[in-house]
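Take a look at the letters that make up each chain.
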Amino acid sequence: MILQAIAFWVFASITVAAAVMVISAKNPVHSVLFLILAFFNAAGLFVLLGAEFLAMILIVVYVGAVAVLFLFVVMMLDINFAELRQGFLQYLPIGLLVGLVLLVELAVVVGGWVISTDATARATAKMPAVDQVPNTDALGQLIFTHYLYLFQGAGLVLLVAMIGAIVLTHRSRPGVRKQNISDQLARDPKETIEIRKVQSGSGI
Amino acid sequence: MPVAAFPDLIPAIPEIYLAVSAMILLMLGVYSTGKQTVRTVSYLSTAALFFAIPLTVMVTDGRMVTFGGLFVTDSFAVYAKILVLVSAGAAIVMAQDYLERQDIARFEFPVLVVLASLGMLMMISANDLMSLYLGLELQSLALYVIASFQRDSIRSAEAGLKYFVLGALASGILLYGMSLIYGFAGTTNFDSLAEVFKAVNGTEPHLGVIVGIVFIIAGLAFKVSAVPFHMWTPDVYEGAPTPVTALFAVAPKIAAMALFARVLVGPFGDLAGEWQQIIIFISIASMALGAFAAINQNNIKRLMAYSSIGHMGYALIGLAAAGSAVSAEVRAAGIQGLLIYLAIYMFMNIGTFACILLMRRQGRMLEGIDDLAGLSKSNPVMAMVLAVFMFSMAGIPPLAGFFGKFYIFAAAIEADLFALAIIGVLASVVAAFYYLRIIKVMYFDSSEEEFDRPVSRDMKSILVITGVVVILFFIYPDPVLNGAELATSALFPQ
Amino acid sequence: MAEFWTAYLWPLLWIVIKILAIVVPLLLAVAYLTLAERKVLSAMQMRRGPNVVGPFGLLQPIADGMKLFFKETIIPSGANRGVFILAPMLTFSLALIAWAVIPVGAGLVLSDLNVGILYLFAISSLGVYGVLMAGWASNSKYAFLGGLRSAAQMVSYEVSMGFVIITVLLVVGSLNLSDIVMAQKGSFGMFNWFWLPLLPMAVIFFISTLAETNRHPFDLPEAEAELVSGYNVEYSAMTFALFFLGEYANMILMSAMTSILFLGGWLPPFDIAPFTWIPGPIWFALKIAFCLFIFIWVRGTFPRYRYDQLMRLGWKVFLPISLAAVVIVAGFLVTFDLVPA
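Protein chains in written order, with numbering that gives the first Met the number 0: chain A, 0 to 203; chain B, 0 to 493; chain C, 0 to 340.
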């Protein structure tokens, strides 16, 4: 399919280009926007793979929620990023060296890659047949049955993250008056308002 | 629609129970507004942790695997879980006074400790690389938070941040290793992995697999703070609030060490030839660094950090012996030595940190070794107890620490790892220097002022229990020895 | 050549025709929605509203459009040019591409996506970027504050919207929008539509759409009194027009979503003779018009929320209720064995 091939190359090249821009853009807000672009195109690649559920979740969760908060924070930061980058050239050779070593190691590992016999069969053993079940159903069947334990565990990890964020940042400031709506609604006019007849000229 | 059967929940009851009680305690803390809330939550958390011990023992009946092979419980898991639960419970008890005095007593602390222990139990019971990772993350995330629990102190915040950044890096390395293993084998389940590697046994294992194992070992070595992945330890130990340090020094180490043993002996058991030399190397490096770097320390928490690095080095000797090709008995002896060592290490460390928590003058916490000067005159009981722990850490017979090292070195010699055993003995001689220096400061230097009194009942009981265990271990060592033997048998099915 | 024509060009042309068939009526609807809003509001306030340009003021939207089109586009000197121009374009195009999956009648849909509802949800959650980018790129504190407010508001209400959608999905058992409409077909006509069985959810969903589109009473991002119009204060001419069009197109989109999820989409209110004569797209349009009327009605009736009240409503009222509803609906379905296959 030539159309799919074109779509793939478009999505893939934009993803890579956007990813490069994320780390090279001068303005941090631009970086985040490029990150969003990269996510978006990655979702496009998922669609091409036939994993439309993952594609949509990627957009809803990462682009629609996580990156928004990220952008939110970055926009409000008042950091001179040019200053932060000053040591960049100084450390560049070391960074390049480490990167090169890792790259060579990867090349050695991947270059002679062997996969044990019937690894694919083992990996796909639990999956429902692709041609019979839509991939949304298939994901549900895996996550909520075989991987129930991991699903619940991930929930606990998120709970801890939430508690942690609150513990480390929440401060109850003294002297703040908060609106208590239930108190307001529970007020009885009879107890709070007194209606008196005022004689003209005398006052209360 | 074919749906998998509902998993058997019984083997995981302790974990489910802890998760539910953590959530209930959280609710209790959030919704009750009384002044005693923090204390109540704290006591209930300790109770919850201790109650999980009989639960763990009761539900385990031989080897039980559930959740589609993701979760396993056996006598090995029970042994390690008991150690973890005891040390986490003790950490909460020790923390209560300290947190109140530092004005950071909040009910989230015990809840986070319970959640961290849950993560440790999940690590110990992992039977799959994915559940391993999830337990590890649950544990680490909770620990990162409590490391910076004293959030107004820059040191504590730095400790949390440093731990977090380096921990995230280690997790990344671990995950990378796992993905290499998965790429080779097509499975993450320990049992299936063991089968796969049994099948390739004899031939030279593939480079990708070796790199994967190396990365997994690196990730786990970070969690047990073995050299060369120890850099975070001194700073985090020093910066974190002292009871948190006490927890760090014991519970996560035990959990990670148990996990280390399960992963290396289980799925990678047939590749022992590949990983044994790595373990030997990090063991020697840890022992050496623990011995030499601690000599110049003046802060007792930093000293304990290096001491724990050294102790992890000794414990890893057991693991190295477990990779021996001599015989199954020798391998079992290595694991058994490791387990005994961990139990003794736990008691010694809890006791020592209880003493450190009592170093307080006019309400101010002290951390310098010099501050201990003249303790033998101002508080002879505490000086004696601390001296016992220090002698034990140095491995002086007949205290418990000696037996820990004895079983480890014996296993190493059986496994023909003579050099390792000799280096271990030499390292403990060097390490004895700084343990004995503390005793010298306490008994022979002149006193400045007394430490604050009175000592709370909780602290007293912890000191008495740990002290008695350490001193009298040689009279009745059977519970630990038999427990370790039973636990080891689970890893080496006949 | 002939093969090239049948294989590529013709399908492409056909898709373009279909897109135009959706977009042109949509843009007309947007134009006349602005007129309808002014007319309805004026009726509520006992005045006449626009009645000078053309008969009954029917040419008013055209005149407004011409005015915006011919004005000068001003870009503030401190603005971040690229982002500044991108923001209104993004808002407008997002409001349009969402329509690709909306079924206006049985089988009348541009792309019958399997995960249509997720697609809609994803696109609507992207809307926040236009506002945020506009607020930031304008380099003005009013615009920035408006953008931040809007981001927080939209993200907050998306959460409860998501849970409401999940309750619907639980009942339907499919993420396909046509399936969702067909699942509401039943012997009780309009009482089979989900607004009745999922009543509190329908209300929460509608209120959340008000917040999601930054409409009254949740129009804090553009609160005139505090922010002199909020995120779009620096925009003029066509760039402003695109925001304007985008906002109203979003209103129509949200009304369409409400109609599909809770008001039976293109289904007639009763499955009997006089109602079934009227084609589905007309019913669908009528339902959208009904929702839009409520949008305007609310604007004419309620005062603006205070910001903390808005957040309280989103996080402390809607989120727990909708979360509980997910559990209750799921429990109900399992207990009575009604889970869709």
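By construction, these hints were calculated from the structure, which means they are not laboratory data. The structure displayed is predicted, hence computed values, not measured ones. Heads up, a few of these hints could be off.
Simulated crosslink set (EDC-like; lysine to aspartate or glutamate; CA at most 20 angstroms straight-line) [said to hold, decoys possible]: (1) A:Lys-125 / B:Glu-194; (2) B:Lys-376 / B:Glu-449; (3) C:Lys-315 / A:Asp-182.
Covered by chain A, according to a simulated footprint, are these stretches of chain C (three or more residues, beta-carbon under 8 angstroms) [claimed, not checked]: (4) 130-138; (5) 273-283.
Ideal Cβ placement from N, Cα and C applies to all residues, glycine included.
Open item on the list: With the threshold set at 20 angstroms, check whether the alpha-carbon distance from Lys-125 (chain A) to Glu-194 (chain B) stays at or below it.
Closed with: Holds, at about 18 angstroms.
Task: Stated coverage of the segment 130-138 of chain C by chain A [criterion: 3+ residues, CB within 8 angstroms] - done: Three-residue rule met by the segment 130-138 of chain C, so holds; n is 3.
Task: Pair hint Lys-315 (chain C) and Asp-182 (chain A), alpha-carbon separation not exceeding 20 angstroms - done: Cα-Cα ~16 angstroms, so holds.
Open item on the list: Given the hinted pair Lys-376 (chain B) and Glu-449 (chain B), is their Cα-Cα distance within 20 angstroms?
Closed with: It holds: about 9 angstroms lies between the C-alpha atoms, which stays within 20 angstroms.
Task: Stated coverage of the segment 273-283 of chain C by chain A [criterion: 3+ residues, CB within 8 angstroms] - done: It is violated: at least three residues are needed, and the segment 273-283 of chain C offers just 0 whose Cβ sits closer than 8 angstroms to chain A.
Checked against the numbered hints listed earlier, the structure breaks hint 5 alone; every other hint is satisfied.
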